[in-house]
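Student: Given the sequences, and given the hints that come with them, work out the whole structure.
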Amino acid sequence: MSTSAVPTDAAAQPARPARRALLPQNPRARNLTLNALPVLGLVAVWWFVTAFVLVQPRLYPTPLAVAGELVRILSGDGPLGSTYVHAAATFSRLLVAWSGAFVIGTVLGVIGGRNRWFFDFCANPVWIAMAVPSVVWVYIFLVLFGIDNLVPITALLVLLTAPVFLGTAEGVRAVSPDMIEMCDSYKIGPIRRLFHFYLPSIAPYLVANARVSFALGIRIVIIAEVIGLPNGVGLLVGYWSDSLYMAPLVAWGIILMLVGVAVDHLVFVPLQRRIRQETVG
Amino acid sequence: MTASMRLKEYSAQLASLVLIILGWEIAAQTMNTNALPPASTVFATLGGLVADGDAFGPLFSTLLRTVLGFALGFLLGTAYGIFAATFKTFDELTKWLIQIAIFTPTLILIFLFLVAIGRTNFTVIILIALVVMPMIGTYIRDALKDFDPDLEGMAVSYKVPLHQRVTGMYLPFLIPPMLAAGRIGFTLSWKVAFLAEIFGFPNGLGWQVRQTYQIYNVAGLLAWLCLFIITLIAIEQLMRFVERRVVTW
Chain A
1 MSTSAVPTDA
11 AAQPARPARR
21 ALLPQNPRAR
31 NLTLNALPVL
41 GLVAVWWFVT
51 AFVLVQPRLY
61 PTPLAVAGEL
71 VRILSGDGPL
81 GSTYVHAAAT
91 FSRLLVAWSG
101 AFVIGTVLGV
111 IGGRNRWFFD
121 FCANPVWIAM
131 AVPSVVWVYI
141 FLVLFGIDNL
151 VPITALLVLL
161 TAPVFLGTAE
171 GVRAVSPDMI
181 EMCDSYKIGP
191 IRRLFHFYLP
201 SIAPYLVANA
211 RVSFALGIRI
221 VIIAEVIGLP
231 NGVGLLVGYW
241 SDSLYMAPLV
251 AWGIILMLVG
261 VAVDHLVFVP
271 LQRRIRQETV
281 G
Chain B
1001 MTASMRLKEY
1011 SAQLASLVLI
1021 ILGWEIAAQT
1031 MNTNALPPAS
1041 TVFATLGGLV
1051 ADGDAFGPLF
1061 STLLRTVLGF
1071 ALGFLLGTAY
1081 GIFAATFKTF
1091 DELTKWLIQI
1101 AIFTPTLILI
1111 FLFLVAIGRT
1121 NFTVIILIAL
1131 VVMPMIGTYI
1141 RDALKDFDPD
1151 LEGMAVSYKV
1161 PLHQRVTGMY
1171 LPFLIPPMLA
1181 AGRIGFTLSW
1191 KVAFLAEIFG
1201 FPNGLGWQVR
1211 QTYQIYNVAG
1221 LLAWLCLFII
1231 TLIAIEQLMR
1241 FVERRVVTW
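Sequence lines, in order, name chains A and B.
Counted from 1, the first sequence has number 163 at position 163 by our numbering; the numbering is strictly sequential.
With positions in the second sequence counted from 1, the corresponding number in our numbering is that position plus 1000.
Keep in mind the hints are simulated off the structure, nothing from the lab.
Quick caveat, the model's predicted, so the values are computed rather than measured.
Beta carbons: idealized from backbone N, C-alpha and C, even for Gly.
Some hints could be false.
Derived DEER-like restraints, expressed as beta-carbon distance ranges [said to hold, decoys possible]: (1) B:Asp1150 x A:Pro38: 31 to 37 Å; (2) A:Phe197 x B:Val1246: 35 to 41 Å; (3) A:Val85 x B:Met1005: 53 to 59 Å; (4) B:Ala1044 x A:Val45: 33 to 39 Å; (5) A:Arg192 x B:Ile1021: 39 to 45 Å; (6) B:Lys1145 x A:Gly41: 24 to 30 Å; (7) B:Asn1203 x A:Pro230: 27 to 33 Å; (8) B:Thr1089 x A:Val45: 18 to 24 Å; (9) B:Phe1122 x A:Phe195: 37 to 43 Å; (10) A:Asp242 x B:Phe1122: 19 to 25 Å; (11) B:Ala1051 x A:Val45: 48 to 54 Å; (12) A:Gly41 x B:Ala1079: 51 to 57 Å.
Tutor: Below you can see the structure in the form of structure tokens.
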């Protein structure tokens, strides 16, 4: 993923302006057109296919039908009560699990980065946690806890902690040994060491972790909700899928996708840029 | 790495697994409910499945779909990564499409595809490829950004022939990120195949898990899950072994 190459972008920057200068247009506008054109083209193809080739609006919804459903969802109108209540339930679960996973994963990751044995010890469980799909964790926790709000949260927590752990451990290992030696020789205590040395030097990794795990979380939170929960976006999605009505399904997909992209670009990208500037300058 | 270090690594890795299974066994024995059968029962069920040969049908049908979907996604993703790293315009053209593909919830894609295209092997393969391709594509693209342009310039000025440039320069640079991306991508494919089966594909491992859950056969459920995890671990170890071999060479 693009976030794995955190601090190295600086070298790639200078090459750009020379190329852009060749083009007469405003480069920003040009790039935006380039970005948007294929998406518009895709929508056009979608419209054409659903309007003329596969005319079956229930299974193959037209862009207009989906837009209508988007408006309905945004106005709060849904088959099982207000859509905002479901969305709030989903996002509160996501936030709780994501922040919990971030804290636990970071703490364990710092230990794992310092202590090779601990890292090896965690390697298999972490790997299992990541490899087992969220729905399976939901099945396991459903069996253990019964139907409860705890089920999707724990499932997400398990899945999201693992990548945070790996990312943090990698970051801690990249801290230069000279600095640790310096801390040792100046007899700097563990708490000051954590806040003044470790955290600043692994900050880019932390932001990257937060970003990756959030992107993962928003995609899997609804999977965890489809089975055995009384509310959430997952329930609605399952409902529409069972009644073979695809327009609202696509609409929800678009909403979740847009929220994911928006959070990524409005929160994590600026944050990453700022941290990069601070560590460089 | 020396032998004693490797021994230490393996023992630490094993210790955690042993601890998990022990904890599970003890918890199950003390709680003594239907909800959590002891590890020994689950492994006995798993042994039964393997001995009867019941395990192999679902396992191989899932595995086949995974491998085909992954191969397709990997090919497309690598091609995309190379193109996007070489042609700036192509990168800009596909930027939003890739963003959309990355952030679209997998579950919604699964529901949509299973209904709109039908419940065939082909659907699942396309689904896997679609989910894996952007992940591998962006990984390869970003890895290629670190490629040293001086090396390229040198090769051009010395008029190194193309095939030699490919085998001597591009391939050695590309293989480690390709292997790493492949490993992550395969795990992802395996999960997507499984999810598609749980949500409505009428055979394979996921289907078995769903079936056992619906009749509340917890030992069976956990046995199928163990089979799923063990297969994944085996494949992962195999890929790591290959990676180590190829990278040292």
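Student: All hints, please: hold or fail.
Tutor: Hint check:
Taken as a hint, the range 31 to 37 Å holds for the pair Asp1150 of chain B and Pro38 of chain A, whose Cβ atoms sit roughly 33 Å apart. Between Phe197 of chain A and Val1246 of chain B the Cβ separation comes to about 37 Å, which falls inside the hinted range of 35 to 41 Å. Checked against the given bound of 53 to 59 Å, the beta carbons of Val85 of chain A and Met1005 of chain B, roughly 55 Å apart, stay inside it. In this structure the hint that Ala1044 of chain B and Val45 of chain A lie 33 to 39 Å apart at CB is violated, the actual value being about 54 Å.
Between Arg192 of chain A and Ile1021 of chain B the C-beta distance comes to about 41 Å, which sits within the given range of 39 to 45 Å. For Lys1145 of chain B and Gly41 of chain A, the Cβ-Cβ distance of about 27 Å falls inside the hinted range of 24 to 30 Å, so the restraint holds. Checked against the hint of 27 to 33 Å, the pair Asn1203 of chain B and Pro230 of chain A passes, with Cβ atoms roughly 31 Å apart. Here the CB-CB span from Thr1089 of chain B to Val45 of chain A is close to 21 Å, well matched to the stated 18 to 24 Å.
Taking the beta carbon of each, Phe1122 of chain B and Phe195 of chain A are about 55 Å apart, not inside 37 to 43 Å as hinted. Here the CB-CB span from Asp242 of chain A to Phe1122 of chain B is close to 23 Å, well matched to the stated 19 to 25 Å. Against the hinted window of 48 to 54 Å, the Cβ-Cβ separation of Ala1051 of chain B and Val45 of chain A comes to about 52 Å, which satisfies the hint. At roughly 20 Å, the beta-carbon separation of Gly41 of chain A and Ala1079 of chain B lies outside the given 51 to 57 Å, and the hint is violated.
Checked against the numbered hints above, the structure breaks hints 4, 9, 12 and satisfies the rest.
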